[in-house]
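> Protein chains in written order, with the numbering used here: chain D, 1 to 331; chain Z, 1001 to 1272; chain H, 2001 to 2183.
Since the hints were derived computationally from the structure, they do not count as laboratory data.
Heads up, some of the hints might be wrong.
Pairs of lysine-lysine residues, derived as DSS-like cross-links and limited to a Cα-Cα distance of at most 30 Å, are as follows [what the hints assert, rightly or not]:
1) D:K314 to H:K2142
2) D:K57 to H:K2005
3) D:K39 to H:K2116
4) D:K311 to D:K298
5) D:K224 to D:K311
6) D:K39 to D:K57
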Amino acid sequence: MNNFAYVRANSVEDAVSRASQDSNVMYIAGGTNLVDRMKGFLDEPSQLVDVSRLAMKKIERTQEGGLKIGALVTNTDLAGCAEVRSNYPMLSRSILAGASQQIRNMATVGGNLMQRTRCPYYYDTAFACNKRQPNTGCPAATGINRTHAILGASESCVAVNPSDMCVALAALDAEVKVRGVAGERQIPFVDFHRLPGNTPNRDTNLEPGELITAVILPPVSFAKSGVYLKLRDRASYAFALISVAAALELSGEQIKNARVALGGVAHKPWRATEAEEFLKGKRADKSTFSQAAEIALKDAKPLAHNQFKVKLSKRAISRALSVSARGGGVV
Amino acid sequence: MNQIIGTSVSRKDGRAKVTGEATYGAEHQVEELVHGYLVTATIANGIISNIDTSSAERAPGVIKVFTHKNPPEVFKPRNDFINSKIYEARLPLSDDRVHYAGQIVGLVVADTFERARDAAAQVKIEYETQPPQIDPKKASYKKAPSFLGEDLEYQEGTFETGDFSGSNTAATVEATYTTEVELHAPMEPHALVANWENKDSVTVYEPTQWVRGSQSTYADLFGLPLDRVRIISPYIGGGFGSKAFPWPHGVLCVAAEEKFNVLSKWFSPVVK
Amino acid sequence: MIRLKINGQLQTLNVEPRVTLLDALRENLGLTGSKKGCDRGQCGACTVLIDGQRVYSCLTLAIMQEGKEITTIEGLATGDNLHPVQAAFIDNDGFQCGYCTPGQICASVALLDEVKNGSVSYVTPDLTSAPQLASLSEAEIKERLSGNLCRCSAYNGIVAAVQQASGQNPPSPAASNLGTEVS
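So here's chain D without its partners, still in its complex pose (with noise of 0.2 Å):
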């Protein structure tokens, strides 16, 4: 870890003032995935801005019925959140998913959304690496890439983004509510984070300086019957092989509505939209859900050592979403 300066901002406006003079100024808040960075000298910003103790700690209901999330609220609260369990499970349980109590204590919402690749090529300062340093190569897209990317990828990049919570989120059609010096401005969540493309350095649309103040989280009627479905190496504490977020709104044994969100398989959180399209007026049946995971996965391009990824997804999708049409609850 380099040495830094290190100030509280005490304001939105005076941090993004600071922010914004200089790029290699970084914001910190719950730290957990930015000390572990800084200690791989992954990052080494000239100076931190603190902005732990701003006021967006919030979790307010919106005028359209929805919630808005303060950016610094921290997992642990989103996920306990009594609105959020009854009526997002899906949000609740992809949150519990993730990480251990500890980091979910310290994180926030906008630094889960902030979090970077685990690739293990990212992480080795002894590999060359795109997203660390553009032009150098990728050594996953030929090295050991059993945990990488099956769609989106690029040949720049083949890493995944490793939040569960924003699986969630990008299922639900929430909005990321940013400031920057230019005023502020609402992303959609699937428009925030990128894919890889030839600048796989960037993960997000951020602006330079630009600070997360809000998650805005819609009302969605049948978010209630919304699951969350995390596979992975060991029962726990561990980053998803593959996840689905799915939830189904039904009319008697007819499908109305239907949201599909996949984790682990690309650079960001993967909206299935064709897939849910298709159900839309199908029956609710087994027969219908796989389906509706073939052609989610058919633009699927598995590496060397992740092809078991598609066959995952695919089981994973078809699970989600009939437990999602039973009304819920443990996939």
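We have chain D; now place chains Z and H onto it with these hints.
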């Protein structure tokens, strides 16, 4: 006498362990402690063609940088498993050869852990990389010339294949199974503190599964009589065989301390 | 200069901003009860309580914790009286080498408070119905302690210790490997 068997007995050191009072190797408090951080090889096989320590040496708080160009001097221990034993017969920093990834190729000593770690990352190394042999099928299985200064013998196992031609099986499963690499990975890292009380006597606070072995090994390494080497190891945070003998970083820690005449060192291994 | 409140005492220390809370405790304040295992937030040995919540002290900067109430393993006992969780770890042999133990105990102390306050976990069947301490299942305890590794694998004893501290009756530590009681 036998009543102990079949009854539940609390650990004698239980109270110390649940209150945080149990003091492990690198937790011993020594005045004017300074810190070491290892520089480790990022290739698996090859030669160090250039090592540039200038920026590390100029970094704040840095006291000394050791590489194969200025290795601390030690004697070769007998290493016969009776009088002494070290994990690597090749002494640390003894030449420019890299035999495996993660091999110690440098050591930075600084006034704080953070400054030692920072400076260690500033040591710039260029390698002449040679391809490592990582495929067991391509291994020669002949007597190895000498690995890290120690003779090793490899033997290919014997294989038998059954005759399935006459059997009436519903299904045949063919698969190749390989054994995963297994590491000890105890919870307590291999960290230690060395303290030379004077030129002829040293105390090493190092977690060890073989206190007497460590004592005689360090005595060999530094040419000291046994009673001039004290090993303090009241607790060991797991070893699983990996804390039986001194490691190269332990040798370096004690050696650097002697050579450099600062009171003590603590080396924390690079965690990846 | 930074000021930290640790186990009820205000401490002043002169450290760089990059010093983690764990290193400040161990290297600057002589509080070596919090252990450094992986130093990267993966093993849990450095777990301490900040304002009553468990965190990894290796992943937070000391300077960020000014003004907070920090409780380490050294601050749990009251005089000679062990905290009930500390006693339960001894009673149920919840450790061997002891290096993960301070972290396991701090995590368990927080776990009990979390359950008392109605928290749910990934394995809770119904998120609107939080489990109670008296009936907290083994699966719940394992999930809630998954952020603390024990390489000696004293997990059975650790789960039993949490059960005892929850007011449950854990299996006797004298039970043999085959699960039969030896008397």
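> Report the numbers of all earlier hints that the structure fails to satisfy, in ascending order.
Hint check: 3 fails alone, others pass.
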